[in-house]
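Chemist: What follows is the residue order along each chain.
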Amino acid sequence: DQQVKQNSPSLSVQEGRISILNCDYTNSMFDYFLWYKKYPAEGPTFLISISSIKDKNEDGRFTVFLNKSAKHLSLHIVPSQPGDSAVYFCAARGYGGSQGNLIFGKGTKLSVKP
Amino acid sequence: EAQVTQNPRYLITVTGKKLTVTCSQNMNHEYMSWYRQDPGLGLRQIYYSMNVEVTDKGDVPEGYKVSRKEKRNFPLILESPSPNQTSLYFCASSLSAQGGYTFGSGTRLTVV
Numbered sequence: 002d003q004q005v006k007q008n009s010p011s012l013s014v015q016e017g018r019i020s021i022l023n024c025d026y027t028n029s030m031f032d033y034f035l036w037y038k039k040y041p042a043e044g045p046t047f048l049i050s051i052s053s054i055k056d057k058n059e060d061g062r063f064t065v066f067l068n069k070s071a072k073h074l075s076l077h078i079v080p081s082q083p084g085d086s087a088v089y090f091c092a093a094r095g096y097g098g099s100q101g102n103l104i105f106g107k108g109t110k111l112s113v114k115p
Numbered sequence: 008e009a010q011v012t013q014n015p016r017y018l019i020t021v022t023g024k025k026l027t028v029t030c031s032q033n034m035n036h037e038y039m040s041w042y043r044q045d046p047g048l049g050l051r052q053i054y055y056s057m058n059v060e061v062t063d064k065g066d067v068p069e070g071y072k073v074s075r076k077e078k079r080n081f082p083l084i085l086e087s088p089s090p091n092q093t094s095l096y097f098c099a100s101s102l103s104a105q106g107g108y109t110f111g112s113g114t115r116l117t118v119v
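So the protein sequences, as listed, match chains A and B. Residues 2 to 115 in the numbering used here are what the first sequence spells out, letter by letter. Residues 8 to 119 in the numbering used here are what the second sequence spells out, letter by letter.
No lab work stands behind these hints, which were simulated from the structure alone. Do not rely on the hints blindly, as some may be mistaken.
Claimed, not checked - Computed, partial: chain A to chain B, Cβ under 10 Å:
#1 47
#2 50
#3 63
#4 104
Idealized CB from N, CA, C, for every residue including glycine.
Put together the whole structure using the sequences plus the hints.
Modeler: Shown next, in the form of structure tokens:
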């Protein structure tokens, strides 16, 4: 049973507009959420994270929003650039002894058109 | 340069022939982990380690072994590889649980 779900396999956005990538989770014990970006033939790279005690974290063009009651988080990229075209993975981590257990969604492929 | 190094980058092997994929990090990270990436399935965690001699199963540990005898190294061992272990494997490390993992460049394994 998937604990972290990214229901949109792909997303296409025009350059300069906002990209919104969504992620849902089922385990209320997750305490930390992360977004990774992956280009072909490379390992994933860490993008931004948010603690479960917060509802927003911002880093430049990237903002992550967390809605704990809905078990939903989203990544906003504003403005989108062609170099943002990649696969984006949402990930979640549990408490205590399971902190090393980082669970990923299946990813959303973002295409930013010039 | 701070990095996670996996070797080899590509490997083709036959069913049943034991193999080891090495992983080394030079950042003095506590946490290390192995993932496999398959089409339509995303990244699935195989094993992780929170310190030397401390390892735990991830979501898909069957058919794999790991060891953490030194802080910097975390090899992945396939005692008897099978074709369903054909995949893209990533090693990762993290200073702390909050920091997120830094990933290596990947090892593409084909078992025939």
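Chemist: Decide, hint by hint, whether the structure agrees.
Modeler: Here is what the structure says about each hint:
The beta carbon of residue 47 of chain A is positioned within 10 Å of a beta carbon in chain B (closest approach about 4 Å), and the interface hint is therefore held. With a cut of 10 Å, the hint placing residue 50 of chain A at the interface with chain B holds, because the nearest CB-to-CB distance is about 6 Å. Annotation: interface hint on residue 63 of chain A violated; nearest CB of chain B at approximately 14 Å, more than 10 Å. Because the beta carbon of residue 104 of chain A sits about 7 Å from the nearest beta carbon in chain B, less than 10 Å, this interface hint is met.
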